[in-house]
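In our numbering, the protein residues as written are 1 to 640.
Please keep in mind that the hints were generated in silico from the structure rather than gathered at the bench.
Because the structure is a prediction, the values reported are computed rather than measured.
Where hints are given, some of them may not hold.
No farther apart than 20 Å at their CA atoms in a straight line, the calculated lysine to aspartate or glutamate pairs in the EDC-like style are these [as the list claims (entries may be wrong)]: (1) 14 x 36; (2) 243 x 197; (3) 205 x 71; (4) 205 x 262; (5) 243 x 285; (6) 585 x 413; (7) 243 x 303; (8) 380 x 408; (9) 380 x 287; (10) 205 x 245; (11) 205 x 144; (12) 403 x 144; (13) 466 x 328; (14) 14 x 71; (15) 403 x 413; (16) 380 x 308; (17) 284 x 308; (18) 269 x 287; (19) 585 x 504; (20) 466 x 437.
Pair by pair, the computed Cβ-Cβ distance ranges are [as the list claims (entries may be wrong)]: (21) 553 x 609: 39 to 45 Å; (22) 612 x 136: 50 to 56 Å; (23) 35 x 496: 48 to 54 Å; (24) 580 x 546: 31 to 37 Å.
For each residue, glycine too, the CB sits at the ideal point set by N, CA and C.
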Amino acid sequence: QGGAGTRVQSFVEKDFRFRLFIDPLGSSKFAEVPGDPLLAIVPGPAQRVQLIVPRLVSAGEAFDVLLRVDDAWGNTCRNLPLEGVLTLVDPEGGERRQPFTLASEGWATARLEALELGAVGEWRLSANVAAPFVDGAQAFVTVDPAGTALRPLYADLHVHSDDTVGTNDTLYNLSYGRDVAGLDVLGYTANDFNITEQRWDQAVKLIHELNEPGRFVCYPGTEWCGNSCAGGDRNVVFLHDRKPEFPFDNQGRLVRSFEWNEFTAGTIKPGAWPVDELYAAYAKDPEGHLMMPHVGGRRCNLDWHHPELERLIEVGSAWGQFHWVYAEALQRGYRVGAAANSDEHQGRCGGGVPATAVFGSRGGLTGVVAEAFDRASVGKALRARRTFATTGERSFASLRQGKHFMGEVFTADSNASLDYRLLGEAGWEQVDLFDGDQLIWSRNLHQELGFCAQRIRLRLGGARIKDRYRGAYWTGEIRITGAVINGFRALGLDHPEQTVWRKDATVLAFRTDTNGDTDSIEIDLSQLAGATLQIHSRIDNYVKVGDPSEPQPYVHAPTVVMELSGDELLAQSQVVEQLPGAELKLSLERMTAAPLPRELQGRIELARLGLDPGREHPLFICARQRDQSRVWTSALFLTL
């Protein structure tokens, strides 16, 4: 009869390969059956338009607008020449329209080149196509008279292909990053243990061919894949134009962690192991390299650090969001800046959407403030920590103290102040200033704008553990009595199987998972006063082996129960349940009914922060929008 079958993946793949092994002699020695069947996993029906633009440009600076149409799972459709209109509304309300047609062959994209916006201020762009049931898109561009000569660039420095454990070939992934995701900067990443020398040489050649100053900066790189006990995952980005020293350095020493692929025969032997040996291979030329510790399959161990090579740390990826690793590194005294990338294994780099398995979060982006749009200048900015990290959006964030920009090391006067600036789309609701892992200043925009007596939300966030298979799988109900549920909506959900629905007149049910990210359920009530609020949720583990419809409960917090009155929430504004795990928590909060700002600027006086004189303080901003997206600035390394 055969088995029950397997679920088809939710991402596109050119050649999905089935391989059959048999035991021909009954000796438990399995042999491969020749002739692998191949399937083409293709996109579903078009569901939404995507509109990709930079969030901040200088007056007179031209930029490209990228449009595409995706299916419900974030796969870009193909061979779909839909006609559409891009509408541009200037800061004074003036409107102009520009037609476009998506490509008739290949990815359903359109690029409008060298668009220039005249008026200073915030422009609203919207795009719609002439097709039923396809949602339009909206984006914002701020034209800044005092901007830098070059707009902030958006980078994904951690992109895999089927050279190793990714999906689709290297040309596909790099072309996707440039032509579909609209990346300015891309870092190809080969798992060091898995790639053959021939494939590595071919990939490096292709990267050099695609690198185009002023349009698309591309770097070769590797992921050193030692276990956490030997240092954990480290990415190496080759910033220089020379032949990368891989898989051997210029002394002929192996720089792989080990070698293991489908052609491997015999015993696996460690190569550059532990991570100290990787440092030794590239320490002679730190300016030509960038190393980034990251949290993925093999969590980086911060007991190892090389200050000249490791200039950034990955705070977010498709594996999840990891505020804690950034804060811990800074608390240890490491001078690292903020980066976020995709670590994309599913062929959708540049802030791609997750599937339903271990890559449970949107891929991130690294914002780069460079002097010029070329390899040398971008590499210099990366090593100088002139960066910010987003959870996949084209948001913008900066932190400075006078003439000093984020990433710099300096001494400041105690009477000086910090200036921050945030640009987003969903509206900023929370701004936090950290000194390493210590929260020292906060700004709650809901409170500033005034809480509404009828609006509340439930926020679920964090992960069960810091290592692989970290997802917290939430299923539960919100029961409200003594008030009418007039409406609800969910924000921060990543794919169609994360959902909220109305079970009956008094109960909302939810099913979602978080991997360090946060999901929220907003509820409009007839009134909060006199109401009773009950939340019951179970938290389950990731199912690696077994029936996914019967998950095992998370042993340290199998169930969560929160009960309180509306009057209690009116008095407290929020109630938080901290749970055992990695930033795992549940909170019930009041909200404002006022619009949250897309642009936010502020000044923080150092004298009010109580900073100890005579020691270095790594100060950085983490800010959140209403849709639960986040940004992190690189730190100011400041001594009073």
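Fill in: Hints the structure fails to honour
3, 4, 6, 7, 11, 18, 19, 23, 24
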